[in-house]
Amino acid sequence: MTWILDNLAAIGELTLVHLALSLPAVVIAFVVSIPVAWAANRVRILREPLLTGTGLLYAVPSLPLFILLPAVVGTSVRDPLNVVIALSIFGLALMVRSAAEALDAVTDDVRTSATAIGFSGMGRFFTVELPLAGPALLAGVRVVCVSSISLVSVSAVLGVSSLGSLFTDGFARGIIGSIVAGILMTVVLALICDLLLVLAGRMLMPWNTARPGRHRLRPRQSQSLRQRDSHSQSQRQGAAA
Amino acid sequence: MTNIVEALRWLLTAEAWAGSGGLWVRSLEHLGYTLIALGISAVLALPLGLLIGHTGRGRGVAVVATGAARALPTLGLLTLVALFTGIGLTAPMVALVILAAPSVLAGAYAGVESVNPATVDAARAQGMNGWQVLTRVEIPLGLPLILSGLRLAALQVIATATLAAYVGAGGLGRPLFLGLRTYDYPMMLGTSIVVILLAILADAAFGTGQRLLRRIPGLAGPQRAPGRGSSRAAREGSPRASRTASDASHPVTTAR
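So the sequences go chain by chain: A and B. For the first sequence, position 136 matches number 136 in full-length UniProt numbering, and the numbering has no gaps at all. For the second sequence, position 10 matches number 10 in full-length UniProt numbering, and the numbering has no gaps at all.
Among these hints, one or two may not hold up.
[What the hints assert, rightly or not] Here are some chain B residues the structure puts well away from chain A; computed CB gaps all over 10 angstroms:
1. L35
2. L44
3. V94
4. T191
5. R211
[As the list claims (entries may be wrong)] Incomplete in silico selection of chain B near chain A, CB under 8 angstroms:
6. W24
7. L31
8. L72
9. A159
10. G168
11. V195
No lab work stands behind these hints, which were simulated from the structure alone. Positions of the beta carbon are idealized from the N, C-alpha and C atoms, including for glycine.
Chain A with its partners taken away, still in its complex shape:
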């Protein structure tokens, strides 16, 4: 414990470095995933390649990716930029699928109604579909945020400094306090960021009453919703004929 109290300044500094590595990655993953998910839903031929492709990206282990990227991008192994790019790729891998499913879960009825009252394509997307998909998107971002903050520390074994440095230093020098401080700060940081996301979600989407944890069931739900929609659509078409 005395080690932690003696090194508060250093821990604080590493926390900021940690945030500077993980937050940009979360933002990049979120911003890039929306158009990719939109394209995946809009162009049906692209859907499977895009979703499976990003899924495969997630299968790539983090440490090897940290090492592989420099060879592809031209950064050095100990370059923080390298870590940000790798984390963005992981975030994207998680986010594209949940964004595609979130946007896809907006029912055709809603889309048709919006078109009927005069929304154009882009206007409908930003003012109707995106807000309705918001709660599910938020659930996706929360997962990306927590896992990015936890993943950053792995880069410490390569010599990129972050809260993970507390683990490598602590292990090398046999200081338990250093490792415990690193674990605690990582978890606290993840929880604070998660809480901020939830609060931001409440402010931006006051209509959202979705309960946490429910989004796990979404893949099957959206599929069944799609089935139901196509079913009712064919009924409608049948009635019209």
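Got chain A; can you put chain B on it based on the hints?
Showing chain B alone in chain A's frame:
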């Protein structure tokens, strides 16, 4: 790019693969660690997850615990345990099990929960007891989600097992850290490529397994159900299962 060419050239040499520290032995160790960690996690987390899904008790705790476990940095756990247990396999195993168990747990309870309550009621009305409902209705119908939990856990473990070498164990992390210490970039990169391929292969194997399982007739309903009635009820209930769940909890539905 020249680095990648050199790494591939290193991968094509015989000495990279042969011997007790060669890539074959390291890959097998790596897979062995993965299987052991996955096995322990499954033994610990599967029954618990199924129980939570079946009874609905402890769900809140499980959701919070799996969320918090996701925030736990594996490298931190690994080094912390290693300081107590010393160099060896114990620390990596503890860290890998803590990493994998939440995914297995979440998959198990989500799988059981995804089964239509009406189907479960129907099974009970047929006279099934709690155990029979679980093993003959809830597990077969929830199998896709239970398996995807295991798949996610396997991927995470394969990815993270490289860190085992950081505290002195074997696996593909060995040549990776050796390359890092000796500034042998081709060795480091070549090993990374092997780990990536291993992860992608494991993912593909799980994917194929899941697809094959879906083809087995009767998996949509319990296969060895005692009466025809119960299996039919379960089978007919399955498409309805996801639909009712979606009506009740879909974010868009609740948004209205």
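Against the structure, the hints:
no., hint, result
1, L35, "holds (16 angstroms)"
2, L44, "holds (20 angstroms)"
3, V94, "holds (13 angstroms)"
4, T191, "violated (8 angstroms)"
5, R211, "holds (13 angstroms)"
6, W24, "violated (18 angstroms)"
7, L31, "violated (13 angstroms)"
8, L72, "holds (6 angstroms)"
9, A159, "holds (3 angstroms)"
10, G168, "violated (11 angstroms)"
11, V195, "holds (5 angstroms)"
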